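> Protein chains in written order, with the numbering used here: chain A, -13 to 404; chain L, -13 to 404; chain Z, -13 to 404.
If you are wondering where the hints come from, they were derived from the structure by calculation, not from laboratory data. Any given hint could be a false lead.
Since the list gives no way to pick one copy over another, a pair counts as held whenever it fits inside one copy or between any two copies.
[As the list claims (entries may be wrong)] With a straight-line cut-off of 25 Å between C-alpha atoms, the simulated PhoX-like cross-links for lysine-lysine are: (1) K93 x K338; (2) K252 x K387; (3) K387 x K188; (4) K252 x K182.
These figures come from a predicted structure and were not determined experimentally.
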Amino acid sequence: MAPQYAPSLRSRLAPLLLLLQIGFIVIFGFYTEIDDRVTTDDGTSFKNFYPDFQDVNVMVLLGFGFSFTFLVRYGFSGTGFNLLVAAMATQWAIVLNGIESWYYRGKIWINLRSLIVAEMCTVSALISIGTVLGKTNPVHLILIALLEVSGFVLNNWILQTFLTVRPLNSIMLLHIFGAFFGLMLMWILYREGSEKPFEKEKFDCKTGIFSMLGTVFLWMFWPTFNSVLVDNYPPGRKLEAMSGTYLALAVSAVTTAAVSMLSSPKGKLNPVHMQSCILAGGVAIGVSMPVVHHPWEAMTIGFTAAVVSTIGHRYLKRHMVLSFQCHDTCAVLSTHGLPGLLGWVAHFLLIKDFDDHTTAIRFAVFHICTLLLTLGLSLSMGIITGVLLKWNFWRSPQDRKCFDDQAFWEFPHLAVQK
Amino acid sequence: MAPQYAPSLRSRLAPLLLLLQIGFIVIFGFYTEIDDRVTTDDGTSFKNFYPDFQDVNVMVLLGFGFSFTFLVRYGFSGTGFNLLVAAMATQWAIVLNGIESWYYRGKIWINLRSLIVAEMCTVSALISIGTVLGKTNPVHLILIALLEVSGFVLNNWILQTFLTVRPLNSIMLLHIFGAFFGLMLMWILYREGSEKPFEKEKFDCKTGIFSMLGTVFLWMFWPTFNSVLVDNYPPGRKLEAMSGTYLALAVSAVTTAAVSMLSSPKGKLNPVHMQSCILAGGVAIGVSMPVVHHPWEAMTIGFTAAVVSTIGHRYLKRHMVLSFQCHDTCAVLSTHGLPGLLGWVAHFLLIKDFDDHTTAIRFAVFHICTLLLTLGLSLSMGIITGVLLKWNFWRSPQDRKCFDDQAFWEFPHLAVQK
Amino acid sequence: MAPQYAPSLRSRLAPLLLLLQIGFIVIFGFYTEIDDRVTTDDGTSFKNFYPDFQDVNVMVLLGFGFSFTFLVRYGFSGTGFNLLVAAMATQWAIVLNGIESWYYRGKIWINLRSLIVAEMCTVSALISIGTVLGKTNPVHLILIALLEVSGFVLNNWILQTFLTVRPLNSIMLLHIFGAFFGLMLMWILYREGSEKPFEKEKFDCKTGIFSMLGTVFLWMFWPTFNSVLVDNYPPGRKLEAMSGTYLALAVSAVTTAAVSMLSSPKGKLNPVHMQSCILAGGVAIGVSMPVVHHPWEAMTIGFTAAVVSTIGHRYLKRHMVLSFQCHDTCAVLSTHGLPGLLGWVAHFLLIKDFDDHTTAIRFAVFHICTLLLTLGLSLSMGIITGVLLKWNFWRSPQDRKCFDDQAFWEFPHLAVQK
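Given these sequences and hints, build the entire structure.
This is the structure we're talking about:
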């Protein structure tokens, strides 16, 4: 197929990117400062924090980027747009997260912690993007990222201000927020004819391994992702978070394989399960981390999450398309949505240290409100974003160009397509 | 070829995995605890150790996983089964390594050090698995991993208890243990007709690069692997171990290239040499590390290891198949076996600080016993495991399904095989 | 095409490698020592430095290695020769960088810092190699690396001794040195008929993603590359360098995408831009780092660098071939050369803290001399190296074997080329 002119890019995406980027530079110029209010011993703490920052960075750019490469003709878009979106969303998240600091102290301070928090907001956006990957153009993706990050930061602020949720706990709801935001997106952006897979929505032996590469990176560095923001007080909390995540992921991988084989008509492993559901343990333990103190708790959560996620993927994905007209490219609902909810439930069940009934009930009410608020905000922001994206102005790609790099990339020296 | 029902997976592997996993959760529930017996300054030491742990983790999951992807139709199995085996074997190794602590103190303590040691036991199992990759089903791999880890932990315990070998030194024998365990496996599991390569036992341009990716990760993080457990006493020991390994690997890479060209009939480089023999220096220096204090010693060991490994691969691999009926998929014998033995010899030759003749002879006797015990135990455990795997109950794959993902994975949306 | 005997390898490269390697071992044996002159608190500082060393190591071996894999038939050579050259050049750089220490103190001390500086010299050589990749044989590459490293170390010594440039600043000129050294190489080694692309000089969907992998690794770890040698004095300098680089790279990625679409006749993205020009921000900020203290400065530099680099690649690459007979395989001039110069200019414009006019003029003269000296030395070393490589003795590959692995690698079990 001869490549054609791409209207959505030159006259929509390029001006949008330039405008936003120049805007960001101006905002950063007036309102941000690098955090040099450090004492002498900061040398140590910077060095202690920096490898963790890099692990999170690798997850965002490489982990998510390459787990989006499984589509046989969409590899450049998967990695390239992921990089583009991450670069944009992180800048936006730095600004939004700093509004409070700007309000009280006149400056947004940039340090390693603020960069890590910004990257976590970006992860939330990347999860949403997984639901509509291949069926949207990059203008859509940028808009989704900006609105999703805004919604997620707003949600954090509401939870922390009105429900006194701790920052770490509200940030870890990113899986739930991202998944349900994405659910609305795919529902609104549903295309007729998605009941049977798109012509190019498939993977081959090589792209599957690229995707496995991304998954392995996510799997390896997930213990960092869950433990990086944990205060090491009382000492050992960080080790608890890290080794709990590690064990949950290990159990998750083994369980996913077993359930995948048991639920397959031919008794075989499904590569998609090994590329997404093995991460379910990390998601669930992330959400329930504050109350997990023993290895067996972490492992049981990992076990349950893998069962829920694998069965969810096996039966739910198909059902969602047929009954609810929701087509989920990267199986986000079963990888992040269900295990996230499970983690919320685990948090509920495992918490023990109450003084009396009143605190227990108080906690229960707050915990339920946290979930309801998060779900409500993510669903409504998802609807708003979805409706905005329906607007024809953004030139949504035609059905036959879905999942195809050719629509967005020029290949002057490309070898003949084999 | 239409995919068919896979008897070995659903009715053998899935129940085995579930049973073992639930068993592990129960054991962990009763006997393990996360190590919170930490003083306040642990925050620092956890942070100091954590990046090293991640390097080892990356080697186990990504390094070994992707160096197993070179087979043209076995990429999913290479990475997927590696992940599965690693998740299983590490849990098992944590339990076994903790038996002594459980016996004396009633609990198995999980901390970063115990996770790293467990991952190293896993490496030993992955080395063995390299010998039979593609000719076995995943049930076999899980059994090999569990038995190999058991044997290796037993070997460590015997060496440390009866021969007072230091923990670090006995752990570094993992290369020798893994390789000779694997040697017995491939001898017993030999298939008639392996004299000429299997139909699908080949690589192509793309899978070769995936494999190179794994090798590069192993090569880059090998200095961490060798130095992570070194006590930094006297100060500088860790730097010695790390930079010695780095230099040995660099020399190894250069020497491998030269010897590969000199020994090739057409004077060309062999990609397999650049993917396995360049690691020989890291193996040899790992085994001989306690006595290597000068850069030239490390470099000479790297040089010799590369020569032995490359020549070994060029001539030994073919010879092993024809004369001894040992078919070695990943050239483990020349990558880990021979350089491991060379490291043992180097340890023997380079040790100097003896007070008198008696200590020297005492050391020599102990050092020889160490090797003989390790070889004896690895060979006998290898035979036991091999015989167990011969049992028809495990449904060994047919010859024509060797080295083929189709036997184990379902590909619902797979692009037409080009 | 049947593989044939490769004269350049067996009788040229293999003896050269062995000779050099044995020579290095002898030199290291007599003159180097591992740096054990450490105080007790070194344990901490080694651990603090080690993750950064690994980041740089990953950039050299994986980042550059895989960004050289984009050529459809040159993947093994891209990664393999990169590893070989890096292993060789780093040893050579350790020796050369240590000459001064050897002269005054009789020993070359090896520690993490000296390894990192040596790897940075290697990066300079790898940049040059990018210009002639595929049109040379590995003997050429080894010679280029050795001579380039020699020139670069000489340049550092001259700048530091006669112009009192700080070590960090002179090392960061590696981008300019490497690019202009490479410019001369490609000019002298120009082949007739390069106006139209070589038969095999193209990429396909899979090799493009391998190359993207390398780029993403470079992009992710560039903040480490720029900040690793920064003294953390006054405290916060390291954070400034690191977060400045991060922001510049993020802006660079976004701007590259926009400019690439605006300058494309079809309004599409060019994959090569997303694989090279997104790094321009890191290059420019690296050269100008000492004077960048505010986020907006870093971001503006990133913005300008991306514009210059993308437009440079779009129009300059073609122009260089037609008018100046310079064929640049990896677009080194627009990725490292122009942004490097831009960084030099930014350094000039942003410096502020002058006491009076005299110091300002003094700085200007010194700053201009620094550039002129670097350009002069890199261009003249490039010419010398180029002329040496023209010598027929090295058996330059024929035109039809350019960009082809078959000329250098034996593929005994290679799957039939699909």
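> Compare the structure with each hint and give your call.
So, going through the hints one by one against the coordinates:
1. K93 x K338: Classified as between: cross-chain Cα gap 23 Å, same-chain 40 Å, threshold 25 Å.
2. K252 x K387: Answer is between: at 16 Å across copies they meet the 25 Å cutoff, but 33 Å inside does not.
3. K387 x K188: This pair counts as both: shortest intra-copy Cα distance 14 Å, inter-copy 24 Å.
4. K252 x K182: Intra 21 Å, inter 32 Å, cutoff 25 Å: intra-copy only.
Checked against the numbered hints listed earlier, the structure breaks none of them; every hint is satisfied.
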